[in-house]
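> Residue strings, one per chain:
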Amino acid sequence: MANEDWKTELRGTWTSAGRAVHWAIVKKRELSLTEFMGYSSHAFRININGDNVDVAGPTGYEWEDILPKGLLNLGFRCKWLRTPNFTPPTPEMLAEALEMIQDSIDRGIPAVGWDLLIPEFGIIYGYDDGENVLHVKDPRGDGKLSYERLGRGQVTEMFVLTLTDSFDISKEMMLSGALDMIIDHARRRQHNYDLPKYENGLKAYEAWIRAFTNRTVDAFGNSYNTSVVYDARKHAYRFLRGLAIDWNGVTTLEQEVRKHSECAAEHYAVVEQSLGVLNEMFPFPDGGAPNDSVHAERAIARLNAAKAAEEKGLLELETMRELLTAKQWVNGKARTLLS
Amino acid sequence: MRNSVGGLREKMRAEQSNEADDVLVCRARAGDQEAFGELVRRHRAKAYGFAYSMSQDTYLADDIVQEALVGAFIRLGSLLEPSRFGPWLQRIVRNQTYMRLRRGGPYGKEQPLSSYNPSSGEGNWGDAEAVLFHLTRSVSVRQDLTPEERLVREEMLRGLRGMLHCLSPRERDVFEAHFYRQLRPKEIAELFRMTVTNVNNHLFRSRIKLQREHIRVHIAGYVQFRRALGKPKKRILDEFGNRF
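Going line by line, the protein sequences match chains A and B. In this text, residue positions in the first sequence follow my numbering: the first is 61, and each later residue adds one. In this text, residue positions in the second sequence follow my numbering: the first is 19, and each later residue adds one.
Accuracy of the hints is not assured; some may be wrong.
To be verified - In silico DSS-like pairs for lysine-lysine, Cα to Cα no more than 27 Å straight-line:
| id | chain 1 | residue 1 | chain 2 | residue 2 |
| --- | --- | --- | --- | --- |
| 1 | A | Lys-231 | A | Lys-263 |
| 2 | B | Lys-249 | A | Lys-87 |
| 3 | A | Lys-129 | A | Lys-257 |
| 4 | A | Lys-204 | B | Lys-249 |
| 5 | A | Lys-88 | B | Lys-251 |
| 6 | B | Lys-251 | A | Lys-87 |
| 7 | A | Lys-87 | A | Lys-231 |
| 8 | A | Lys-204 | B | Lys-251 |
| 9 | B | Lys-252 | A | Lys-204 |
Said to hold, decoys possible - What follows is a list of derived Cβ distance ranges for each label pair:
| id | chain 1 | residue 1 | chain 2 | residue 2 | range |
| --- | --- | --- | --- | --- | --- |
| 10 | B | Ser-186 | A | Arg-71 | 49 to 59 Å |
| 11 | A | Asn-308 | B | Ser-71 | 36 to 46 Å |
| 12 | A | Thr-276 | B | Gly-104 | 44 to 54 Å |
| 13 | B | Thr-215 | A | Val-215 | 25 to 35 Å |
| 14 | B | Thr-215 | A | Arg-200 | 36 to 46 Å |
| 15 | B | Ser-71 | A | Ala-368 | 54 to 64 Å |
If you are wondering where the hints come from, they were derived from the structure by calculation, not from laboratory data. Where is the CB? At the ideal position from N, CA and C, for every residue including glycine.
Given these sequences and hints, build the entire structure.
In structure tokens, the structure reads:
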């Protein structure tokens, strides 16, 4: 299998939200990037515009919903500030954001921000009131951002998130929280509006296939979506293998979780391999020739394979969630009977 | 029967109380102090009720409403629908309340409007700059502020006045004509003997400049506020700059 190196931790990710939020919690919790990607559900995300596979897909979702939920799964609470409808912040909102950022840095924790140097997520890890600059880091690299430019970058939209506090959480709760998010994303359209025409989860594969079938794929957008989803599923596969190692106890629940995560991992390995083919065909940023008939048909075959495998993997994850829910139910019942 | 000044004022007030908000707003904009006073009388109780329900503190609520009224007065010219004065003031009060509840701090004991006495005859109610000038001066003699707080407040107000100065005289004329007198670009063009395109360009540039200046001033005020609270001036989590 191509994935013999699954024990090696992946050091990076194309999902900048995952990368940035992991940076923010890394001093507080020992957790690999792959584990973070799994428990926060980023490893299982896919969001595609079926018209053209546009470049905004991977970041076109409700950050204020998904990011805090992912953090809760790991025992962190956060607060966030986002300007509505792609507007830059008012002076008051900008000052409020700076206050959040500076308070967080004063506590030793970097803040997460959007469009700091480029329209991706990054961290803000320093400030200087003398120069009026923030020290930031995002996929473009390290840099400085003047206070006045926050939220007035390439897309004039401000989003800032900071951790507020943390609490203890059991591994059962971590996993069931993650599974809830993963399954919801796979099965239900998570967008509040019809436009833009984003589909997530299994439907996203169908949308992607539709764009290839209609030969309306944007080469650049497609190469970016491919890189992001391929990278995410690499983490997904490794995350599931990791679960099989972590759940090493003798109880029925431990054995079942182990069994189902191993089965799920095998399916996600297929997803990863299928997307790997696309990743070679459509390298970022040039993206090859996605609307060429031969390439398009080959891509459609791989996407069908990926979708079928993901569907099977998902069934394993759903069984796992049922078991965890049953355990929580039994525990609750036992508590009720004992009290 | 001889009409005393006080009697006249009473009579005018009685007339005003029958006028609609939009009429009063238009008159206040034109510099009529009584009209603004009537607007304040009408809406103060409701604004206070809201501020109190949010803050649960009579003193703070009072303070918030005062500040909001100053804000409302300064920005009266930018109110596009004069008949919506009530809801508009309500929004200013709400923003003010959120800001104050979040912050507390050095501005907690201020009552800027109470120190501004319109009957002294110095202020021209139609001119935002005059109000700002007055506030700047009154701050410097306020005894309830520490020297540090006074400095912060003064600089902020100076900054606000500076905002209007960042425009060229021509831009400023056009801008003020548009925002304080609500003239249409065509009317301004006639007034200043310019083309409409020219007026629009001036307006566009002025707006951008003022917006940028507004942000700069606000952030400078925020940074000074931090300093007054004794917060660190600089902090860099070096491990994130190098390790990753």
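> None of the hints should be skipped; say for each whether it holds.
Hint check results:
no. : hint                               : verdict
1   : Lys-231/A to Lys-263/A             : violated, 30 Å
2   : Lys-249/B to Lys-87/A              : holds, 23 Å
3   : Lys-129/A to Lys-257/A             : holds, 24 Å
4   : Lys-204/A to Lys-249/B             : holds, 21 Å
5   : Lys-88/A to Lys-251/B              : holds, 25 Å
6   : Lys-251/B to Lys-87/A              : holds, 23 Å
7   : Lys-87/A to Lys-231/A              : holds, 19 Å
8   : Lys-204/A to Lys-251/B             : holds, 16 Å
9   : Lys-252/B to Lys-204/A             : holds, 13 Å
10  : Ser-186/B to Arg-71/A: 49 to 59 Å  : holds, 54 Å
11  : Asn-308/A to Ser-71/B: 36 to 46 Å  : violated, 56 Å
12  : Thr-276/A to Gly-104/B: 44 to 54 Å : holds, 52 Å
13  : Thr-215/B to Val-215/A: 25 to 35 Å : holds, 30 Å
14  : Thr-215/B to Arg-200/A: 36 to 46 Å : holds, 39 Å
15  : Ser-71/B to Ala-368/A: 54 to 64 Å  : holds, 58 Å
Of the hints listed earlier, those the structure fails to meet are numbers 1, 11, in rising order.
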